[in-house]
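Asker: Going down the list, the sequences are from chains V and H. Positions 1 to 392 (our numbering) are the ones given, in order, by the first sequence. Positions 1001 to 1316 (our numbering) are the ones given, in order, by the second sequence.
Since the hints were derived computationally from the structure, they do not count as laboratory data. These figures come from a predicted structure and were not determined experimentally. Where a beta carbon is used, it is the ideal one built from N, C-alpha and C, also for glycine. Don't take every hint at face value.
[Unchecked claim] Here chain V is said to cover these stretches of chain H; the calculated rule only asks that three of the stretch's residues, wherever they fall, bring their Cβ under 8 Å from a Cβ of chain V:
1. 1212-1219
2. 1222-1228
3. 1304-1312
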Amino acid sequence: MRAPVASPVSRKLAINRLRERRPLDSGVVDRFLARFSVPIVEGARCTFLYRGEADEVFLIHRIFGLPDHLPLRRVHGTDLWYVVLELPEGSRVEYQLEVVRGGQRDRINDPLNPRLAHSPVGSSSVCYAHGHEIPSWTGFDPEARPGSLVDMVVPSRALRRDCPVTLYLPARFRRDGPGTRYPLLIVHDGGDYLRYAAAKTVLDNLIHRLDVAELVAAFVYPGDRLAEYANSAAHARFLTAELLPRLEAELPLADSPSGRCLMGSSFGAVASLATAYRHPDTYGSLLLQSGSFVFTDIGNDHGGGPVFEPVVRFVNRYRAAPRRVADRLFVSCGVYEPLIVRNRSMVPVFEAAGMTVRYVEARDGHNWENWRDRLRDGLSWIFPGPQKFIYE
Amino acid sequence: MRIILLGPQRRPTLEGVARSLALSGPVATVTAGWREREPDDAELSRVLDGRDVNLRLYERWLDVRDRVPEYAAGAGRLEDVLAELQELYLTRLDYALRTVYALQYREPGDELRSEAMSEAVAVVRELDATHLRRVNEARLEFFDQLRPHDRPVIAEYRAAVSEVLADAAALVIAGGHVGVLAEVLHLFNVAAVLNGTAPNWAAPNGAPVIAWSAGAMTLTDRIVLFHDRAPQGAGHPEVYGSGLSVVRDVVLLPHARARLLLDDTPRMAVFARRFAPARCVPLETGTRIDVSADGTWPPGIRVLGEDGHISAREAA
């Protein structure tokens, strides 16, 4: 499936051709906007547009390495604003516009672009650069037999609360099948993975396509996320001493480390690593996406604020004395997120501890669609499907 | 016995093959590689003019797992052992093959380098051979302990399969899951029937075995798994185990063009060297190879050579 933005490539950018038009009135701008998808993608160059009266307009993005407020320029004599950004092939960028009128600043999604990405903190507009493809396995496939989601509650003494858990059971799941034992994937921020990363659809499709083994996934929900996921002993105890034994008692699961994987993104990746660190013989694999592995080499200025303090202490301690916490680590990160340097730095540390690491980068940011689009790379490596056995 | 190896049957050639053999009588079929789709064999039945008798090996296998708890428990333990053996083998294989490729990427040249390369390939060959021996020993131990002929359910199914095969004009083994196929063919003792004294299989011009893709692989003495275009990237070709061993010294490669990076000739050259003197034979759509009852292969079959290219070879 190709990204829905495609425009003819010519020597001059469309916006520059428009600027040369005379007369350049409102009707010309109307026809111009009706002709193109916005942002206008012409090779590596993407033209972002805003139409309306304003004192200033800014493009707000989170591309690490670029100024995060890029000013748009007004096309002379019109109410059309533009900025051209060069984006490498295959990039995907989430952005908003900031419109300044009479000293008031309004941050809005791009009214000219219907493509939105959603997250727990709201929505953003999306620019798909030249060559970006939305993986076909992220969308509903009527051919794929659907698995089922089952809600359960696990009372936790460790966390002193009842913990909701959503189980994913694959299509054709056999609870009592002789000899059938499923690998287990424990997913941090489970609700967000299901809602914003289409985790159920992705699992249905990848299992159907034989890319990933039939597996059971346990989507867990944080309480006080920033406390539980920042190297919390209580959280690690909940997963390992309360959730895992219950799931293994009630479901036909593979009862060895190689059949267990912890997964998470951002702080959820820290929680996965920290849990495996505290229980090093329990989990065979970790799937760590855009881990918030903030550390300092000297001093205490990590720039992350107070919530990162326990994370920095943990990561610094780990880097000082790396140890093997699992057999295999899948690590991914977007090159446009500030965490890219941290994640790149962790790879040799993990490898030096004797773990097999697969590291993948994408031209994307710290967001759920990036994490969704890396799931095939990660899950097919950790729990490969039977493809290598199938010769039709 | 006569054996006919075919390429994938997306565009079926089986109908023409069956017609060319002028088969008379029932044709035993194995579609266990399709697993839960085993009964969906209407198209196969049509191609065989309705003379097919499906041996239902997958269904029988599931039934054995349900009704013979000792088998289910033992099979579970065996799977654990085999999984661990495979994991250890793959870990060692990864390092060994990376050494081979690292040496290969250096400038070709003096005798020392060529010797180092040969030794590195020999290490891989030794790993492959040791792994195959260990897998076969684990399976043998499992069957020794299980004593399948003493288990009424298994014995009954073996007899039923044997009876169908004794009257069959041919045996057709479809592709699918090569691990499942190998498992059920071993469990229900199909090789023993084919290699036995039943006149329909023993005669030089007797009933043929026709097999494609995974079905063909299960006839060999060494099943090699390969998939260079898997989503997680090209994996190392890996020895999985032994098939029925009625075809020897050959590694069959169904869908070679789709599944292997054939353009990477240095890598393909290592593939061929690794399994030599066994012939690495691609099975593509339309391929038909008639292996005679004395094991002779026809001239002109296409083989992956030690130069990394596929080309036609003379009869062996």
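Asker: Are the hints correct? Go through all of them and say.
Answerer: For each hint, the structure was consulted:
Coverage of a stretch by a chain is defined here by at least three residues with a beta carbon nearer than 8 Å to that chain's beta carbons; for the region 1212-1219 of chain H and chain V the count is 3, and the condition holds. Against chain V, the region 1222-1228 of chain H contributes 3 residues with a C-beta closer than 8 Å to a partner C-beta. That satisfies the three-residue criterion, and the hint holds. Residue count for the region 1304-1312 of chain H with a Cβ under 8 Å from a Cβ of chain V: 0. That is fewer than the three needed, and the coverage hint is violated.
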